[in-house]
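> So you can see what is in the structure, the chains are spelled out below.
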Amino acid sequence: MSGSEIFLQQLIIGLSNGMIIALIALGYTMVYGIIELINFAHGDLFMLGSFAALTVVGLLGLDHLAAGAPGMWSGLFLMLLIVPLFCGSLNWLADRFAYRHLRDSTKLAPLVSAIGLSFVFMNIGLLWGGVPMNVFGLGRSAASPKDFPALVSNVNLLGQSAVEFTTKDLMVFVITLPLMVLLTWFVKGTRAGKAMRAVAQDRVAARLMGIPVDRVIGQTFLIGGALAGVASVVSSVYNNTIYFQMGYRAGVDAFTAAVFGGIGSLPGAVLGGLVIGLARAMCDQYLETRWTNVLVFTVLILVLVFRPQGLLGARAKEKV
Amino acid sequence: MNILEISDLTVRFGGLTAVNAVSLDIPVKEIVSIIGPNGAGKTTLFNAITGIYDPTSGRICFNGEEARRPFRRTTALALALVGLIAGLSLVLIVNVEPLWDTSITSNYVYQQTFLWSNATHAASSYFREETGRRFAIPFLIGALVGLAGAFAIWQRTRRAPEVAARAGIARTFQNIRLFNQMTALDNVLLGMDSQLRTRVWHVALRLPLYWRERDNTVRQAMDILRFVDLDREAQQLAENLSYGHQRRLEIARALAMQPRLLLLDEPAAGMNLAESQELMKLIHDIRDRGITVLLIEHHMQVVMGISDRIAVLDHGEKIAEGNPEAVRSNPKVIEAYLGKS
Amino acid sequence: MAAPRRILFHWSFLLVAALIPLIELVLPGHPHVGDLLRPIFIMAMLGLGLNILTGFTGQLNLGVAAFMAVGAYTYAILTCDIYPFRLGFWSATALTVLVGLTVGLFLGLPTIRLRGDYLAIVTLGFGEIVEDVLKNLDSITKGTQGINPLPSPSWFGYHFRAETYQPWYYLFLGFLAVLVLLNRNLQRSRVGRAWISIREDELASSCMGVNPMKMKLLAFALGAAQCSLAGALWASYLGSSGEPGNYDFQVSIIALCIVIVGGMGNVGGVLLGALVIMGFNSIVLETVTNFLKAHQLISSSNVFTAPGNWKYMLYGLALILMMRFRPEGLLPSRQFKAEAHPDEPHSPPTA
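Protein chains in written order, with our numbering: chain A, 1052 to 1371; chain D, 1000 to 1340; chain G, 6 to 356.
In isolation and in its complexed conformation, chain A is listed as follows:
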């Protein structure tokens, strides 16, 4: 491979991973935009989504089929229906039972609650991994990573080229890009989206205008969770391995992306996700893999020093 081909390859890998990070980051940024809460449990919600996807695969018996077999696409489609629904409802329940009561308390309270919830989710993932079901690889310890069957083939769509753009990469873009467009339209163009923006701007005023604030916040959690569900399906199929602690890593990456782009801003979250994905891919190639995490966080700290509101965020003025 020539130098430019290597670069191109890393670009593709970085963008694919970046899109997945962006999907998770959108969930963070939506929730933060509306109630100023770092939903710490979001990464672990993503992890639980992966386990749900694996369960769907197991129940449908998809793991016995060869990659790319005709049943695969319908299976994938089914997963894209069930898992986001599961994650969205779980996130809605989280809001209902862990956060809603804390709306008027100190700022620290819901954040701590979210951290607690993330631990609960992680523990559920640990136990889920231990459920003796064929697909989980019986006899393995609950904590070890599970193989996710290769549903989508790894065929290079660029033919004989040394640079690989596989069906998997294509799948990532085909699923994530329309979703982002849809989300933008939803927030900008629909009534529910307008209500969401109104609540984000001034909760009290929105309530006085007759907007059912709690329901709108619940919807935001639902949508954010569903996005995480899509991300977990895509990521499981793309990376072919899942484990119960992956939520922490993914959550930290996605949150970094959201902060990077300017938390509260939807395009910012996507941009941040892409930047983080690319930075990781480039660092893996041109520096050393073991320093990638360190680099990402150093960049985050530098961004916050020079531009605390993130790349696309608006600076908040405190009301006095």
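Be aware that one or more of the hints could be misleading.
Simulated crosslink set (DSSO-like; lysine-lysine; CA at most 30 Å straight-line) [said to hold, decoys possible]:
id: 1; chain 1: G; residue 1: Lys298; chain 2: G; residue 2: Lys316
id: 2; chain 1: G; residue 1: Lys316; chain 2: A; residue 2: Lys1158
id: 3; chain 1: D; residue 1: Lys1028; chain 2: D; residue 2: Lys1280
id: 4; chain 1: G; residue 1: Lys219; chain 2: A; residue 2: Lys1197
id: 5; chain 1: G; residue 1: Lys298; chain 2: A; residue 2: Lys1197
id: 6; chain 1: A; residue 1: Lys1197; chain 2: G; residue 2: Lys316
id: 7; chain 1: G; residue 1: Lys316; chain 2: G; residue 2: Lys140
id: 8; chain 1: A; residue 1: Lys1158; chain 2: A; residue 2: Lys1245
id: 9; chain 1: G; residue 1: Lys298; chain 2: A; residue 2: Lys1158
id: 10; chain 1: A; residue 1: Lys1239; chain 2: A; residue 2: Lys1158
id: 11; chain 1: D; residue 1: Lys1028; chain 2: D; residue 2: Lys1331
Since the hints were derived computationally from the structure, they do not count as laboratory data.
What you are looking at is a predicted structure, and each value in this text was computed from that prediction instead of being measured.
Starting from the known structure of chain A, fit chains D and G onto it as the hints suggest.
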């Protein structure tokens, strides 16, 4: 002599101009009121004076100089120091492993005495090879980033509320902002914070200065509470005080700063006649202590009763200024309040 | 004034703790309950370090484990005889505290102005960085093995040995008592007042002439120093720096649990929190596991039966339920109680 000179002050938020080219001089030891309809930019003006908002343009001079951190030689030194440390840190970070190997590991024989001169020698010869890649480049990058970062932070905090406060500007807030979970006494003690001389080590180790200062400050704080007639409530949590008491406690906390200029944001809001009479007397007493008072107020009785001068704001612009009589009969003011007839 | 119960808790805790080894000597069979208390003391120190920033100043720090790691590794490098420094226990500990203070300052300087949530994420990131750096700098930190063996401390010629736990016990208790005293002194002074005022209303506080950046930085540095002290003592107790994975995010969360369950902003509360959380972790959970094992109720193929597999669930639920029903903690400071239940009527004023 003017204690505060505002010239051509404009404060803009995005597209909204909250204060537009306002000029205002506040003479020493006078009581000046700012009036105007809601949303006229009065509180924004206060926020700009106390360093909460940055003016978009114009100057605010307190005592003849702008109330912001001056760029002194020590500032430059501190910035340079941060740059130096950041540069050296980056050099260390980039080279840490080979440096450790050549200077420490390869010179140390297990449990034998270690010669530090060998280690420093090895380190210096390590840097003499490939000086540019190992030392100069990381040092320059680190120093630049450190310098720029420190400068950015300094620039952003030049005009901070605590700078204005330490210069001698104290204020109260329109919606009372006391430290609710602290006692009335503690609130006043916090106001005295900038005059205290104890440092963290005095406090942690309970050195003699701590005891001496504690007794003094508590006595002074009680004096201030007595001045606003709250000494019996000293040990109550601020949030348990009645509304009128909270208003007075906020003034007491501001007085504890020993300010030269006191800004009161609607001090009589929600008060009945007797209470506002008391307040007017209190404001007079404060002025008699040599403190200039600038207040925002809607209660016309209070404003007309105590002000030496009145400035009127409307839509962010100053439309009138003068003594109470002149302002009262100014047609522009009447129009602003009552609308065009 | 605060109720006597609250004033007395931390001193009675220390007093009872000091008596435990003596009581054991009289009891038949010389049980070693005190042995189990040492990790509690260490975690209490970590909790006290976190309490300064989170409890007093109201800023969330999710990276205290990293400061503990810095302390443990600094202490290990300074004392272990595979390195040339070979310092004694006391000088190494003192230096470690200084290093912790400096690291806290260095991290705090660029980040302390950030709003609460951003600060939380930066400290979390710092925790990740430290863990990765310790793993990667193989030639200095010995990678995943950790640095060992470390020499035992000595006190005026007396050498601590692993077999007798009482000297260790009193060493740690002594350090804990000193920290409790220092923290109380800070809390009841201009420093504590300024910290609490920042927690209450940062803008009003800065309008009163308090420099919030400076005070937060001080809280950050002092907290970091305490956490690194806890790390140094932990390393000396283990006889090893431990491996980088020992200081991961979960340790930071346990420290947070300690502060929150005990009572934010209250020194006595932190001690109680450490007792409850660590007591549960290292005593209750272990006893239950051993009991189940002895009766062969745990099978290796069924993950649901091992109590250790439910640990995170319990910590998580503890945090959620505390926030929901008793956000001020088990032993709250006077201020936090009022803040947490704004609509409840307050106790009659004590004029």
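> Run every hint past the structure and note whether it holds.
Status of the hints after comparison with the structure:
1. G:Lys298 / G:Lys316: holds, 17 Å
2. G:Lys316 / A:Lys1158: Distance of about 26 Å is within 30 Å: holds.
3. D:Lys1028 / D:Lys1280: Distance of about 15 Å is within 30 Å: holds.
4. G:Lys219 / A:Lys1197: With a Cα-Cα distance of about 48 Å, the restraint between lysine 219 of chain G and lysine 1197 of chain A is violated, given a limit of 30 Å.
5. G:Lys298 / A:Lys1197: holds, 27 Å
6. A:Lys1197 / G:Lys316: Roughly 22 Å between the alpha carbons, so the hint for lysine 1197 of chain A and lysine 316 of chain G holds.
7. G:Lys316 / G:Lys140: holds, 26 Å
8. A:Lys1158 / A:Lys1245: holds, 25 Å
9. G:Lys298 / A:Lys1158: Violated, at roughly 43 Å.
10. A:Lys1239 / A:Lys1158: Answer holds: lysine 1239 of chain A to lysine 1158 of chain A is near 28 Å, not above 30 Å.
11. D:Lys1028 / D:Lys1331: Holds: lysine 1028 of chain D and lysine 1331 of chain D sit about 28 Å apart, inside 30 Å.
Consistency with the previously given hints fails for numbers 4, 9, ordered from lowest to highest.
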